[in-house]
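One line per chain: the protein sequences are F and H, in this order. Counting in this note's numbering, the first sequence runs from 1 upward without gaps. Counting in this note's numbering, the second sequence runs from 1 upward without gaps.
For the record, the hints were derived by calculation from the structure and aren't laboratory data. In this text, a Cβ means the ideal position worked out from N, Cα and C, and glycines have one as well. Treat the hints with care, as some may be off.
To give an idea of the chain H side of the interface with chain F (calculated C-beta under 10 Å), a few residues [claimed, not checked]: (1) I4; (2) T17; (3) G18; (4) G54; (5) R55; (6) R70; (7) G163; (8) P250; (9) D254.
2 protein chains.
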Amino acid sequence: MTAIRAIPLHGMPLFETGMALAREICAAIDRAGEVLGGDDVIVVAQKIVSKAEGRTIDLSSVTPGDEAHRIAVETAREPQMVQLILDESEELLRTTPAAIIARHRTGHVLANAGIDASNVEGGESGTVLLWPRDPDASARAIRADIVALTGLNPAVVIADSMGRAWRVGTVGTAIGCAGLTVVDDKRGTGVDLFGRTLQATQIAVADSVAALASLAMGESDEGTPAALVRGVGAWVRDDDGPGAASGLRPIAQDMFR
Amino acid sequence: MTAIRAIPLHGMPLFETGMALAREICAAIDRAGEVLGGDDVIVVAQKIVSKAEGRTIDLSSVTPGDEAHRIAVETAREPQMVQLILDESEELLRTTPAAIIARHRTGHVLANAGIDASNVEGGESGTVLLWPRDPDASARAIRADIVALTGLNPAVVIADSMGRAWRVGTVGTAIGCAGLTVVDDKRGTGVDLFGRTLQATQIAVADSVAALASLAMGESDEGTPAALVRGVGAWVRDDDGPGAASGLRPIAQDMFR
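The following block holds chain F by itself, in its conformation from the complex (with noise of 0.2 Å):
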């Protein structure tokens, strides 16, 4: 195994709906004295992808139900914020002043459905913004603009800072994903180094490539919303893969609803 590095792709502009991802991380890539490789994986972070795929909603134009009104009073939100939450919920785990813990439409669990009111252009309390409608579609899209730019099929990982149930802070995680081994399933494939098959690795490949990434990208301004990451070749694929949804605990299997 090599080393594995992951480049941060500073200097992107401030995108609005309708403009092209790739083309701009084409464009970082060459300023940072870099050349893209097939083998190569692209982290983009969800909050540009959004932009771009204009997700951004003004919180007044949501008109929330009796639902929100009780969960708002519940957890002391803002009843069109809570609209927005179940709007983009399968369901709500749990409902408490300190968070609101949802599965989100595409199964991902996350705080607050994954809608973010910061870096936002329109104040405090204004605007809001959304998921990537299918996270996955957009990571395949992304990739095949690439594609057609470069000739080359780098994979692609779209990244969403998460908490975690039992630890503090968040880490990177991937929400789309294409061209990447999601989970490297190595149950029962290898032995250890005396002679027994190996019990049960599973190696979050696509979550942990995220988590670098985003530790590169920083987590404080808007001018770092992209990374290359180098040296994870080995579960760069040249199919698209079934993407980041693969990932995720099947609800029959969830101990903690």
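Based on these hints, arrange chain H on the given structure of chain F.
Relative to chain F, chain H alone:
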């Protein structure tokens, strides 16, 4: 922010009780052609720390009690293994045939209280490996040994692969830490691009570094149980800091017991 890099440290020996980790890590850094720096992070797999600390246990030496026998039936496990999980845990969160999820003595929540039967000398069912007694203390001790050997003060993280409540596969996670900021708490300290106070950004730095390093170390054998991580010097500190346990959500805030 510069690039972040993880360099696997190949060719380390099999560890036995009493062996000095710091010396072997420094030798492996030399072999890799790298020169250790004071703002590097050395990530060490839990497994070799446990072995060097003599945390190997023969299951046949364990006498299971009534609770262990009861849970062993419930979960289709060996009563001796269940007794060890109980001994290593503060509380068991879930006990099902699919998994036993425990809050380890140290506060970390994970499957089987971190007890591992692979890559341990002694055969299919004989011998298992427990976590270090105090992984943060182990990280501090390794760091002190490296200072003594080299005069340099890099950070040390002890990593183990952990599952997540709602996602398939494991990611490297920090179970011991000395000299690295565990959680970078940016709440209220910064403004976003539009001048608003950043909301709830707390970056789980040590866990992200552990995720990266674990990917570089791989999972299939014990040949690469350490990695050197560069480019995160902004989070390396002179003092040891509060350790990985400070990155655990307090029980009073645990929504998923």
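Quick rundown of the hints versus the structure:
1. I4: Holds. Min distance 5 Å.
2. T17: violated, 17 Å
3. G18: violated, 20 Å
4. G54: violated, 18 Å
5. R55: violated, 17 Å
6. R70: violated, 19 Å
7. G163: With a closest approach of 9 Å, the G163(H) hint holds.
8. P250: Cβ of P250(H) sits 9 Å from chain F, so the hint holds.
9. D254: holds, 6 Å
Checked against the numbered hints above, the structure violates hints 2, 3, 4, 5 and 6; every other hint is satisfied.
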